[in-house]
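Novice: The numbering used here applies: residue -3 is where the sequence shown begins, and numbers increase by one.
Each hint should be verified, as a subset may be incorrect.
[Stated by the list, open to error] Under the rule of at most 35 Å between Cα atoms (straight-line distance), these lysine-lysine pairs were calculated in the DSBU-like manner:
id	residue 1	residue 2
1	Lys91	Lys47
2	Lys5	Lys16
3	Lys6	Lys16
4	Lys91	Lys5
5	Lys101	Lys91
6	Lys19	Lys46
7	Lys12	Lys101
8	Lys12	Lys91
9	Lys19	Lys47
10	Lys101	Lys5
11	Lys19	Lys101
12	Lys16	Lys46
13	Lys19	Lys5
14	Lys101	Lys16
15	Lys91	Lys46
16	Lys6	Lys101
17	Lys19	Lys6
[Stated by the list, open to error] What follows is a list of derived Cβ distance ranges for each label pair:
id	residue 1	residue 2	range
18	Lys47	Arg7	30 to 40 Å
19	Arg3	Ser51	28 to 38 Å
20	Glu71	Ile2	13 to 23 Å
21	Ser85	Asp34	29 to 39 Å
22	Val109	Ser23	10 to 20 Å
23	Asp89	Asp35	36 to 46 Å
24	Pro73	Lys47	30 to 40 Å
25	Asp36	Ile88	29 to 39 Å
26	Gly49	Gly76	31 to 41 Å
Just so you know, these hints were derived from the structure itself, not from any lab.
Quick caveat, the model's predicted, so the values are computed rather than measured.
For glycine and all other residues, C-beta sits at the position ideal for the given N, C-alpha and C.
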Amino acid sequence: MADQSIRLKKRAEFLKVASKGRKAPVSGMVLQALRRGDDDAARHGFTVTKKVGNSVVRNRVRRRLREVVRQVGREMPLTGVDLVVIGRSATIDRKFASLLADYRKALNRAGVVGDA
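Sequences are here, hints too, so could you generate the full structure?
Specialist: Here is the structure:
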């Protein structure tokens, strides 16, 4: 399970992170983070609105974001936090290395990690 993160799936979980968490917008995505106060593995949720494109485009954006979270999670495992990653239309054409940098910057801005 080291490679597989725990997912947020229920609407109520997404809404709780959105209302009580910290928001960190960056070029390729928006990150919402909420500390849970435990030492369990981080939970991730992904969302992409219809403004970004049709279902094929939205699913591609979601897949790219999941891979970004997976790769950064290998470098620095996160605990005790719920994260919602929101895809933007810029996510589609953004270079993958830039998306990785965006996610690290967003984690830093949201106060999830100290020096990403």
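Novice: Determine for every hint whether it applies to the structure shown.
Specialist: Hints, verified against the model:
1. Lys91 to Lys47: With a Cα-Cα distance of about 20 Å, the restraint between Lys91 and Lys47 holds, given a limit of 35 Å.
2. Lys5 to Lys16: The hint holds at about 17 Å.
3. Lys6 to Lys16: holds (16 Å)
4. Lys91 to Lys5: holds (27 Å)
5. Lys101 to Lys91: Holds: Lys101 and Lys91 sit about 15 Å apart, inside 35 Å.
6. Lys19 to Lys46: Between Lys19 and Lys46 the Cα gap is close to 21 Å, so the pair holds against 35 Å.
7. Lys12 to Lys101: holds (23 Å)
8. Lys12 to Lys91: Cα-Cα ~31 Å, so holds.
9. Lys19 to Lys47: holds (20 Å)
10. Lys101 to Lys5: With Cα atoms ~25 Å apart, Lys101 and Lys5 stay inside 35 Å; holds.
11. Lys19 to Lys101: holds (12 Å)
12. Lys16 to Lys46: holds (24 Å)
13. Lys19 to Lys5: holds (19 Å)
14. Lys101 to Lys16: holds (20 Å)
15. Lys91 to Lys46: holds (22 Å)
16. Lys6 to Lys101: Distance of about 26 Å is within 35 Å: holds.
17. Lys19 to Lys6: holds (19 Å)
18. Lys47 to Arg7: 30 to 40 Å: violated (19 Å)
19. Arg3 to Ser51: 28 to 38 Å: violated (19 Å)
20. Glu71 to Ile2: 13 to 23 Å: holds (18 Å)
21. Ser85 to Asp34: 29 to 39 Å: This hint holds: roughly 35 Å between Cβ atoms.
22. Val109 to Ser23: 10 to 20 Å: Distance hint for Val109, Ser23 holds at roughly 19 Å.
23. Asp89 to Asp35: 36 to 46 Å: Once the Cβ atoms are compared, 38 Å apart, the range 36 to 46 Å for Asp35 and Asp89 holds.
24. Pro73 to Lys47: 30 to 40 Å: Because 33 Å falls inside the window, the suggested range holds.
25. Asp36 to Ile88: 29 to 39 Å: holds (32 Å)
26. Gly49 to Gly76: 31 to 41 Å: holds (34 Å)
In summary, the structure is inconsistent with hints 18 and 19 from the numbered list given earlier, while agreeing with the others.
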